[in-house]
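Yeah, the sequence shown ends on 682 if you go by this note's numbering, and it's all consecutive.
Please keep in mind that the hints were generated in silico from the structure rather than gathered at the bench.
A portion of the hints provided could be inaccurate.
[Said to hold, decoys possible] Label pairs and their computed distance ranges (CB to CB):
(1) Ala257 with Arg107: 38 to 48 Å
(2) Arg248 with Ala136: 46 to 56 Å
(3) Ser124 with Arg182: 53 to 63 Å
(4) Glu461 with Arg586: 38 to 48 Å
[Said to hold, decoys possible] Once the Cα atoms are required to be at most 20 Å apart in a straight line, the calculated EDC-like pairs of lysine to aspartate or glutamate come out as:
(5) Lys160 with Glu92
(6) Lys460 with Asp488
(7) Lys160 with Asp60
(8) Lys160 with Glu299
(9) Lys160 with Asp186
(10) Lys160 with Glu67
(11) Lys160 with Asp139
(12) Lys460 with Glu426
(13) Lys473 with Asp485
(14) Lys460 with Asp485
(15) Lys160 with Glu214
(16) Lys460 with Asp322
(17) Lys160 with Glu170
(18) Lys460 with Asp425
(19) Lys473 with Asp497
(20) Lys160 with Glu176
Built from N, CA and C at the ideal position, the CB exists for glycine as well.
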Amino acid sequence: MARPSTVPSASRRRWSNVGPALALALLIAGCGPGEVPSVGPGDLGFGRLVFAGPLVAVPDHNWTTTEDGGWTFRGSATVRFRNVDDVAEPVEVFFTPQHLAADFRFRLTWDGALLLAPTAGKGSEIHATLPAAGLAPGDHVLEIERIYDGPRINHDNDMKSFGYRVGGRETSFAAERQESYRYLGDFLTVGVTGVGRQKYGGVLFSGPGATDIEPDPGGHAHLGLDLENFSTEPATFAVTLGGQRHERTVPPMEERAFRLPMDAGRQTARLEVEGAADGLFLWGAPTIEVAPETEVAAEAPPIVLITLDTTRRDALSPYGEDPRLTPVLDRFAQEATVFERAYSAAPWTLPSHASIMTGLYPSHHGAGVSAQFLASGFPTLASVLRAHGYFTAGFSGGRLCSHRYGIGQGFDSFRNPENFETAGDEMTRDLEGFLESHQRQPFFLFANYFDPHAMYRAPKEYTERVGLDGYRKALEGHPIWQWFDRGDSAAWRRIIDLEAPATPGILAYMRAAYLSEVSFMDAQLGQVFDSLRQLGLYDRAMIVLVADHGELLGEHGRFSHAGRLDPELTEIPLLIKWPGQTEGRRVRSLASHVDLMSTVLAAVGIAPPANDGHPLAWEESAEGGPAEVASPAAPSADQPSPAPGSVGGDRRVLFMEEHESRVHPLPDSLRIAPHVYGVQRP
């Protein structure tokens, strides 16, 4: 198979994104009289906030408002604080329960340390002084937890008042500003926010103000920003660069694109905003755009990467399931390479997708391990292809592989799910529209089909294909399972927590319900393949189909996925059709998510950046293929064993690491499976 040719770029109409944290260093350059101080702990290219006063505080999403203008939460809730400098004055938090009750007792912690022992509240204010030693510049978290003497009951904890005081100056959280708190909180916690399209990174002003940034493009380039005015009044955004002032007025609750030419070398740019005192003003999605060194030829192969969310290997006909359930994949396997021993880099969505996009193990990219998102600055498959002239487009079917969690980095266009997921048929319509409009240019298309993820609610045609109604009889007399069958997510949580015993008949129902969703997804893939054929793109396209992880359907007494490393979660389907490939192959070499970046780039003649993977071959070598490990997890920092991917004799090391994540907390039933700790042999 010939690689596509590349030619020097004499001129470019499109520009490429160099990762914001890598190319755009947002540096504090001092604040004069009347100016607003700024702070951006850690990576100053991500999540920088400009605000007045010694600190800012934001209630998390567990807080909701009541009809009478108060606040309430169930169980526990947090408030995130950010401060610029050491706070010289005492800081006190307070809240007043709405109802008189002897059992209204609370525990308060500050950055995980006990702040206030449980005390009885009799309708009066509960307050606590924050420790001065715990107010170092940066982010801090106050957690308020309801304490119960008897069985835990998730009553609403209604509050008359709720706020904080700095040196006696009181700030109460206003119920009418709930959406503003969420907008600001999203920016502080995951670095992504926006009214409509989510914007990754940048600078957020809380109220009018000014600050300096010092971008260094390395050459002639353009600075790109998305301006958003989250307020009820028009706002004026201004940038002063090289002695020239550039202004843009943005109407209330709207956004505008902003693009500014820049000379080579580090330079200071002044950012200013004039607008409502209580407004939030976002300079979002910062990019420095430079012309790529090469552009791909028009005949360069299209690249299609589709992740099959929560899809077990044994659910597909190329791996042994009934071909009548996945006929599209059965046909696809006859002209593609089927990898029989592919392994996930992690047993849940965010870290596995981050590994697919970066070619790095979770311990190296950190997403879902040491961070709640994929940080900017890592070269991604999309950013590398974009830099070489490909138009890059992403379509996320599930929330955890959306732009909010950093997976959208490097894409010219990225569609987030509207809610928790995008249904498969809606996803297919979007993909067909994209293919129709971009068929005449080299493109990289990423799509995440989410349908096999719970809840299992396939259209009737596909439940009939598996005979699901017949299996439903086993649910009689089991109310939690019956509620699950109706789509009740609370019932699913109780099933995961092992509160609903599963009979053999119920287990058969679960597999049938799951397979109905897999069958529905298979049909959607068929429509995408048909569109590629009709547009004359299929034969020369590179098509990668891979699951992010599998699903437990009662094996080992467990359901769902996340913190365990059972084979049902880590053994994944991987099928690749190289450009021009027409005959099916089956390969026994070990493969991993971390191999996909290098594999795709090698197929189109682009040298990959340094990563943990290697290019996969479309057919087995005479020696049986490369003997590399596919590690589903990463070593602990103090683990003396070999690094992931290392080889010791004829043994391949499998590392495991259990951790908690606020993005995807681990139920007690989904802890590490010690029986799978061991080695993988070639």
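Status of the hints after comparison with the structure:
1. Ala257 with Arg107: 38 to 48 Å: holds (47 Å)
2. Arg248 with Ala136: 46 to 56 Å: violated (37 Å)
3. Ser124 with Arg182: 53 to 63 Å: With a Cβ separation near 29 Å, serine 124 and arginine 182 fall outside 53 to 63 Å, so the hint is violated.
4. Glu461 with Arg586: 38 to 48 Å: violated (31 Å)
5. Lys160 with Glu92: holds (17 Å)
6. Lys460 with Asp488: With Cα atoms ~18 Å apart, lysine 460 and aspartate 488 stay inside 20 Å; holds.
7. Lys160 with Asp60: holds (18 Å)
8. Lys160 with Glu299: Violated, at roughly 66 Å.
9. Lys160 with Asp186: Not OK: lysine 160 and aspartate 186 at ~25 Å, beyond 20 Å, violated.
10. Lys160 with Glu67: holds (12 Å)
11. Lys160 with Asp139: Roughly 27 Å between the alpha carbons, so the hint for lysine 160 and aspartate 139 is violated.
12. Lys460 with Glu426: holds (17 Å)
13. Lys473 with Asp485: Since the Cα atoms of lysine 473 and aspartate 485 sit roughly 11 Å apart, the hinted pair holds (cutoff 20 Å).
14. Lys460 with Asp485: Roughly 13 Å separates the two Cα atoms, so the pair holds.
15. Lys160 with Glu214: Violated, because 45 Å separates the two Cα atoms, which is more than 20 Å.
16. Lys460 with Asp322: Holds, because 19 Å separates the two Cα atoms, which is no more than 20 Å.
17. Lys160 with Glu170: Status holds; Cα separation ~15 Å.
18. Lys460 with Asp425: Distance ~14 Å between lysine 460 and aspartate 425 Cα, so the pair holds.
19. Lys473 with Asp497: The given pair, whose Cα atoms are some 23 Å apart, is violated under the 20 Å limit.
20. Lys160 with Glu176: holds (14 Å)
Checked against the numbered hints given earlier, this structure breaks hints 2, 3, 4, 8, 9, 11, 15, 19; the rest are met.
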